[in-house]
Amino acid sequence: MLPSAPCFVLLALLSRRPAGADVHCKWNVDIKIFQDANVMTNIIQEQWPVADLHDLIQNLTDQEIDPLQKYGNYLAFPYYLQIDLDCGTKKNSMLFRRSAHFQGMKPFVTITFQKPVHAVFEKPDFLELQMTAIPLATNTKNCKSEICDIAWYLPLPYRNGSVRSEAHIRTNGIGFHIPDRKLLLNIDGYAKDTTAGSNGKLEVHEHIIGRQLKDISDMLLYPVYPQPLWFVNDVTPVLILGGMWDQKIILLSTTEFDTFTAVEVAVDSCWLSRLSCPEGDYSATIHDAIAMESMLFFRQNQLMYYFRGNYSLLPLVSGGSERWVRVMSNICVGRLIPVFHSQDIKEKIFIIGSGQHKAYLFLGTIKDGELTITTVTETRKICRHIKRDCSIIWASLDNLNDIIVILVEGVSFVKQGILYYLMHYSLKTKRCKLHFILPQFVPKEQRSFVIILGIEEYTDYPLVAKGIAVNAESSMSFLWGNFLFTSYNGINWLAIPNIPPTTVIDYFVSSWKGDFVFVADGKEVWYGVEGSPEVIRLRPSTSWNLYLSLQMLNKHHSYSTSESMLSIFFDRNKELQELVRVQYFNGTKIFKRRFPLNEILSHASFSTLFFSKETSGKKNYIEFIQRCPFTSMKFKNLYNLQKFNRMQHYRTQPPWTFSELGLYNELALQTYQGLIYQILWLHSTFYRSYADQIHDPTWRWWRNQLQNEYYYFYMASNKLTDYGFHVETFDYQKVYDLKPYGSLPHSVYLDMNASYEFSVYFSLKSTNILLEKYMNEVWLIALTSNPKYIHISLVRQEEFHRDTLVYQVKVQDRSLYVGQNLPGENLKSISVIFKVVNSELSCFHELGGTLLNQGKNSMKIFIGCPPGKRLAFDIFQTIKYMTQKNTQFFDCIYPKVDMPCFYYEYVFHPFFLTQDLVTGESDRFKGSYTFKIIGGGPYNVENIRYFYQDEIMNYNSILFRKEYAAIWKPFRAKSTDKYTDDGFYIFNGNSTQGIVWICERYSPCANVLGGFHSPEYILIIEVSNRGIDESTYCDYRLEFLLHLHGLPLGPFLGLHYMLITLAVIWCILLIFIIFRCFQIWFGERIKKSIAKIDPRIVPTTESDILYVHPTLNGFQGDDSSTSSTTTEHNSGLSKSGSKTGSPFTHYRLKTNPNSRKESGKCRTFPLVQVRCRRKGRGREGGR
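So the sequence shown is residues -21 to -1, 1 to 1162, counted in mature numbering (1 follows the signal peptide of the UniProt record, and there is no 0).
In case anyone wonders, no lab produced these hints; they're calculated from the structure. There could be a bad hint or two in this list.
Stated by the list, open to error - With a straight-line Cα cutoff of 30 Å, these simulated DSSO-like cross-link-like pairs (lysine-lysine) come out:
| id | residue 1 | residue 2 |
| --- | --- | --- |
| 1 | K839 | K346 |
| 2 | K5 | K553 |
| 3 | K534 | K161 |
Let the hints inform the model, and build the full structure from the sequences given.
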C-alpha cells in the first residue's frame, strides 16, 4: 500500500542521509516494564507473566486468530526491549533514528535460551526465537512535531526452566550499516527491591544478599590482588568476584561485568577459634567466591557460606534464601574449588579443610537448589599412602574417567623435604590410590616438551605445586606452580618450557576450547594452547607496551599507565576479557575491557620474522619469510546445520500496520506480546503423546482459521480492520532449514552410525615458484579427547590450478557407546580440535575491523541420543488402518477429539512415528519395541492409577499367564516370535501385527460395572525400545492413554447380571398373571366402593371439572342416556366430553360470572354428586 503524496514527500526528506553521515552508530538497548513502556529498569527480576491478554485477543474478531480455540494461552511477559541508535550526540542520534526508519531499516533480534542444568518443566532442547522490533514514536520534551523521535520495541520473552539468555541484534540489511551486538539477558535472583530514580529509571535499591554500595571510592584505595572469576560454564546467570582487601565486598553482575554492582554481604566477620581450627590472620576479605546456576558460595576466614537465589523459573526444591547460610561450622574450611561443568543434572563444589582437617576433602553436590555435602577423604586415607604428614592443596574432577584428582603436599621431618603427590579417588569404587609423584626440583628447560620420567636433568629450584586443572572436554590436564606440566591422559606428564622457575603461577584459566591463560606473581599474564610446547607472556611485554602507547595516543579512556587488574576470564564467546581498575586525574573507575590477545600475538609473531635482502634491477628490498603458509581458511559444505547442532528456531513478524508513517500503537505491541507468549507455549506443549496431522507446533494454533485466511487478507488489504493492524498466519512459523554462517558449529550431536561431513578450503600465496613449497607446509590435523567413540578421516586434495588446498573431513560414530537413554540425556562429550600444524600463534586475519586468529578451530561432539527426538502415537494412521480393516470405526457415545475410543472386539493395530522436532522429519517407526500396560481406570481420567511392578508383570508378561490376569495378547502370535527376558512380547515396527484385548478374570478391566451403556476403560500404555532396538542410541519411551469401550462382562459378573435380569422378568410376569386372574374381582370391588360415596360440593370457577355419577338420584342407563338426562334437569351444566366405558362423565359448569364473589368457594347442587378439583392439582378427573 503506497502512502499519500504529502507522506511520500515526508519520506523522501527524512530518508536522506543526515549531516555528519560519517558518524558511527551502535545499538543501544534499554529494558522497559510492561505496565508502563516509559519506565526503564536496569535489572531483570520479575519471572512470572504480569497480565492476561485473552480479553484483548478475543476482541480481535477480524483477525486470523481464533480466540475460542482450545490451545490459546495469551499472557504478557514482564518486560519490553527498547532498541535505538546511539550516534554520539543526542541530535545525531535522533536524526539517524528517523532516517533509518524511513529508509526501511528494522532490527532483527534473535533470543537464544540457555538449557538449564536440570530440565524438569520442559524436555532438554535448544531454542532460539527471532523477532522483528516494531517502531513507535517516543515522547520528547519541547517537540511539537508529529514524529519527534523513534524507537523500536519488542517483547522480552522468557522460557520456563531457563534463567540465562542472549540477544543478538542485527539490521534487516536496509539502510545504514550498524554493527551487530550481543548482550546477555540474565535474570537477577538476588535483587530485593527496585525504586524509580531521578531519571524515571527503576534501579536496584537493595539486594537480599547485602547492602548495595553506591560509592566505592574508599574500596579503591586499598591494594588489589587479581582473583579468579569462578562460575559454572554456560549456565550461571549471575557472576560474583571477591578479593577486596579486608572488606566483605563482592562485585555482582548479570552481564559478565558490562555493568556491575558492589554489595557488602550481610555476614558477621568473625573467626571461630577452636583446637581443630587454630586462629590465624583475621581478615574480612571474601575469598573463593563461586557462582552457580541458582546459588552463590564464598569463604571468609575458615567459614563457608551459601545463598540460594529466588528463581521461580527453575525447579528448586525450596524457595530463595532470606540470609546467608553458614555450613560445616565444625570444619575448618581452607579452600573452595568449583567444578566448572555440570554433570548428571548436578553441580558440584570441592571443600578442602585446613588446621586439623587439612587432609580432609568434601564434595558438595547441588541439585535443584539443594546442597548435599559428603566426605571424600580424610587424614588416614590420604597420608597412609605417602607415609608422611600431608595436606590437600587442590582437587579437580575428571568427568571422562569418573575420578577426582587430588594434589597432596607431603612433609617429611626425617628427610627434611617436601614432595607433592597426585592421588586418584574413584567415584565408582570409592577408593583412593597414589597415582603420580612429582619431582622434587624443577626440570631444566628445553626447546620442546620434557617428558617427566625421573631421569631428566633438574635445576636447583625446589618444585612448588599450587594447583591442578583438568579440561573436562579435551581430557587435557595441567599441573601448575613455579612450573607447568601437561598430560594428554593424566598418566604421562610433559614439562612446558619457557617458564622461569622464579615465576609462581597464582591461578589458571581455561577457555575450554583449547587455549588457556594464567596469572603469575600477581601481575604477569601468560597465554598458551593445548598441545603446543610454547607459552607466551602477554603482559608485561614489548608488544603490550607498544599497544598501550598506541591507545594512549588515541586517548582511549580504557587504558592508562596507572591501572591494575582485578581479574581475567574468558566470556561466553570464549574471548579474553579483563576487569581492571584505572586511575584518572578526577578519580578511579572499575570496568571490563577486551584483552588485546590477537593484537599482541600478531605483533609478537611479526617481530620474530626472518627477512632477507633482495635486489631487483637497481632496487633493493627486504623480503619477509612468512610464518603462516596460507592466506585464508574457510569452511564450506556445512549442510544440514540444524540436524547436527539441534537448534530449534522460530521466526516471527509483528502485525502489519496500516499507518502511513509505518508506526505502530501500543495495542499492536501488546498483541505482539501475547502472540510471542503463545508460540512459546505451543513449543513447550508439543511433546504430547499423540502426533498431529501436520508435524509442526503452530498447526494447532491456526488450523481452524486457515479456511478464512483469504477473507481476512482481503479485509486487511482494504484497511477494513478495526484496530489498524493485521495478524498474518504465516508470520509465526518454525524454521527447519537454517543456513550456516560459514563457521563450524559449536556442538554436533551424533546418533548411532551417524556422521558429520564438511570441507576446509585453504587459499595459498599465488607464487608459481613457491606454490608447491607452501602446499607442503599446510597440513591439517585433528585432535580428539576420546578416539574410542569417534573416527575422524581427513582426505587431502591439492588443486594447483586454483592455488587451493581442500580437506574433506568426516567425523563418524563408531557405534561403541553403551546403552540407550532418553533424548538429550547422559551424552558422551568429546572434544575435537582441527588445526594447521604450527599455525596457532602465527596466522591472523582481519574481519570487520577485528583481528582474528585462524588455523585452529574446536568442536564438541556429543555421542548418544540427540535432543529434540521423540516417539509419537500416530492415531490418525491407526484409525485409518483399522477402519479399512474392519470397514467401519466404532467411536464412543461421547467422543473426545484428543482421545478417540477403540472398540474392544476389534484387533488393535497401533502405528508409531519417530519425529525430529528440529528438522521437521516424521517417519514411521520401524524398530523393535515392547508394549506394556502400566496403569488404567474405568470411564474417566480421574479414576486412572499407575500399577505396581508386580501388577505390570501379571498384566503383560507371558511368564505370568497362569495368574489369568492378562489384559492383551499379540494377534496371531507365532512360536518364532521373540520375547524379552521378563517375558514381554517384542513387536516389529515394520509389520502391522495387532493386539487382541482379552481382559482375563483377574485383570482390572475384566469386571467393569456398566451403566446404561457398555463398560469403558482407559489404559496407560508404555511403548519402549530400550534394550531391544540396536539401530539407535535413543530410548524412545512413550506413554499415552488409550480409551476402550464395549468391554464384555466377566463370566461371574455376567452370570450375576443374568440371574438378576431373569428374576426381574419372572417377577413382572407373575404380577401380570395375578392381575389377569383377579381382574373381574378387582372391578366389582371398585364399583361397590364407588357406590358408597356421598355427594360432595364443587367449586364455582370456570376451570373446575365436575364428575357426575350416572346412577345418582334415580338416573339409570348407559353413558349417553345418563349424560342427556342429566343435562336436561341441570341446565346450568354443559357436557364437556365422555369416555366410552368410563364410570364417570365429565361436565363443565356454566355459571354467570357476575354471580361469583369468591373463586375459591363451592356452591351446592341438589341433583348431582360432584367433586372439586383445584387448579394445578392432580390428574384430570381427580378422584
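Evaluated hints:
Note on K839 and K346: the hinted pairing holds, with a Cα-Cα distance of about 25 Å set against a maximum of 30 Å. Distance restraint check for K5 and K553: the Cα-Cα separation of roughly 22 Å lies within the 30 Å cut-off, and the hinted pair is therefore satisfied. For the proposed pair K534 and K161, the alpha carbon gap of about 26 Å is at most 30 Å, so the pair holds.
Hint compliance for this structure: every hint is met.
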